[in-house]
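Engineer: Protein chains in written order, with my numbering: chain A, 10 to 349; chain B, 10 to 349.
The set of hints was computed from the structure by calculation and includes no laboratory data.
Among the hints, erroneous ones may be present.
Claimed, not checked - If you want the footprint, here are the derived chain B segments under chain A, 3+ residues with CB under 8 Å:
#	segment
1	76–90
2	242–254
3	264–275
Don't be surprised by glycine CBs; every beta carbon is placed ideally from N, CA and C.
Residue strings, one per chain:
Protein chains: 2
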Amino acid sequence: MATKVNIRDVAKAAGVSVTTVSHALSEAHSSRVNARTVEHVKAVACDLGYAPNRLASGLRNQRSQILGIVSDEITTTPFAGAMIQGAQDAASEHGHLLMVVNSGLDNELERQEIRALQQHQVDGIIYARMFNQLVSVPEELQAVPTIVLDATSDNPRLSSVVPDEFGAGESAAELLVSAGHRNIAMINNEDDIPAAHGRLAGFQAGLDRHGMQLPESRLVVAYPSTAGGREAALELLAGSERPTALFCFNDQMAMGAYQAAGHLGLNIPDDLSIVGVDNLELIADALWPGLSTMALPHYEMGRWAVLKLLSELENPGAPRTHEKIPCPLVERDSVAPPRN
Amino acid sequence: MATKVNIRDVAKAAGVSVTTVSHALSEAHSSRVNARTVEHVKAVACDLGYAPNRLASGLRNQRSQILGIVSDEITTTPFAGAMIQGAQDAASEHGHLLMVVNSGLDNELERQEIRALQQHQVDGIIYARMFNQLVSVPEELQAVPTIVLDATSDNPRLSSVVPDEFGAGESAAELLVSAGHRNIAMINNEDDIPAAHGRLAGFQAGLDRHGMQLPESRLVVAYPSTAGGREAALELLAGSERPTALFCFNDQMAMGAYQAAGHLGLNIPDDLSIVGVDNLELIADALWPGLSTMALPHYEMGRWAVLKLLSELENPGAPRTHEKIPCPLVERDSVAPPRN
DNA sequence: GTTCCTTTGCAAAACGTTTTGTATGTTGCT
DNA sequence: AGCAACATACAAAACGTTTTGCAAAGGAAC
């Protein structure tokens, strides 16, 4: 029981050569051996509990069946789990395993980890970030097929996948307008990042389609935390012509808006409707009432990245693509028609 | 540039045999070769950008330098990140890589993933759960050194690590009592799990040490969500003799207690002090005022699991141990002396 | 009865390491 | 000078696969 059974043991037990065993189990080459023999070999292999050593086959085939995923700050954000799960599911469906490595913000460490992955002969690497940004990937990645996940590379020869930030903003506008709101404000992230620009542009476009616009006085930017959202909301809600609906850059800021509303004695959603982005279950579900929010498609992006990587491995000439994945609305109870 | 350089190339370029190269680079065996030669070989290897193929050395050494970690529900909880990070940091410090696999609740899939890990010849496996529980590990794990993480195995021959639930309860009691509270209540998880029992017992012990106790009327159990905490808190705070401090099973329930307090017009911390467990940054930091809470040591548990696994690999006879890691208090602003 | 396929199976080489055992010189000692 | 002891380097085997090329056996066609 203790010692592992290898292909030679199977061959001996089945009374054939290792070649035959290999062919019999190989699916692709099983035509080279008699159907009866195939059955027999399979039975014996199963009996013995044979499992091929993928180190050996990887060595022989120059194909480890391992994908690396390098990410930053897996700890501080709850998004990592979904991305990894999506990647892992896709990998597993195609007989691959995932090696995860996260190096925080230490660049030198990151390169070291990447080299470690390469030593293990990973077939490809997914370079993941925890929020949509422009990155320049470490040069060691030039030696390996690479996909950029939740970021865009300055090197256009790397395929990448990001959330459709613009679409998220658009849908949020659509939701609020169609609920009847005419007096709408937005609390945006003060950072100069694609998510901030994209969501704002989409939101404006969505309003514009209904002949509305976002006056400057209705747009406040802040640090993207609960406290930031709270302060911004207090500012917006203090004015005389109080907005009846708020689109917040993310769920944490939306939570801050809830706090501001509570502080001012405003009822959500009757006095104030709120929409967030992220669909952080921990927050959106916990708020009272539940927060309607645009879900960031981390799971799907993880899947997409692996699928794309595998397809580029299969066919190295495949064109590189840059995908935007839609952010579906998750409706809870924070949006209602304006009081009137 | 495209093609990989192997040990043979280095040997050729350095004008020595592969044996010599191997020994020269091996640290342990470098005494078998002239110091000058070692330098020369190293220089040539570096020049050529040589990186050893760990598939090959794993095959030869019967040691892949890969650890597997199988977990459940990495998606739905934000704890996974910290555990994986801890495990990965420790692994990386010792020249190992981590293969992550998560199978949700699908048992059959889980076994399949474990077999996949075994085919890749992982040196050991960490069987992780997302909350402290009693598990019986899949039988395929008997073939591989295994550590149980954030759970206890029914098989005592498997080392395991869990949070010190009892200590967390105790510290919470200590904190509230020493702030001057005498009228304290607890909202516990209704589930029959070690965390619920441990935290309650520890809390009682902590009160007991100061000659206090937790009357039955001051203990409410509920579903461990924000809504559950909210309902429970409303119930506790409705009574005439209102408690001045609340110990909540976790941060989500604590958030519910905040909502209840807000609803009743109670000020935190002046009218009501609250302590949680988990230190979910996303919640504890976002609440207003910040929530003081006992941190669950996921990062440390992940580290411990890998370190222990490596030590058992090094020395297979090492005694199995069952570790409890302390839950440090993270102070924010939700605890104050009782009014008056 | 010879030739020529086809089917079925096997031996051997290769993937890139590590390690054991051995060969060659070199030094030190008597 | 002779011999042991040592320092240094190498050849070869092994880890467990996969695949190429070849051999043997069995039929079919002439």
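Engineer: Run every hint past the structure and note whether it holds.
Structural biologist: Evaluation of the provided hints:
Counting residues of the segment 76–90 of chain B whose CB falls under 8 Å from any CB of chain A gives 7; the rule of at least 3 is met. Under the rule that three or more residues need a Cβ within less than 8 Å of chain A, the assignment of the segment 242–254 of chain B is violated, with 0 such residues. With a cut-off of 8 Å between beta carbons, the segment 264–275 of chain B has 4 residues touching chain A; three or more are needed, and the interface restraint holds.
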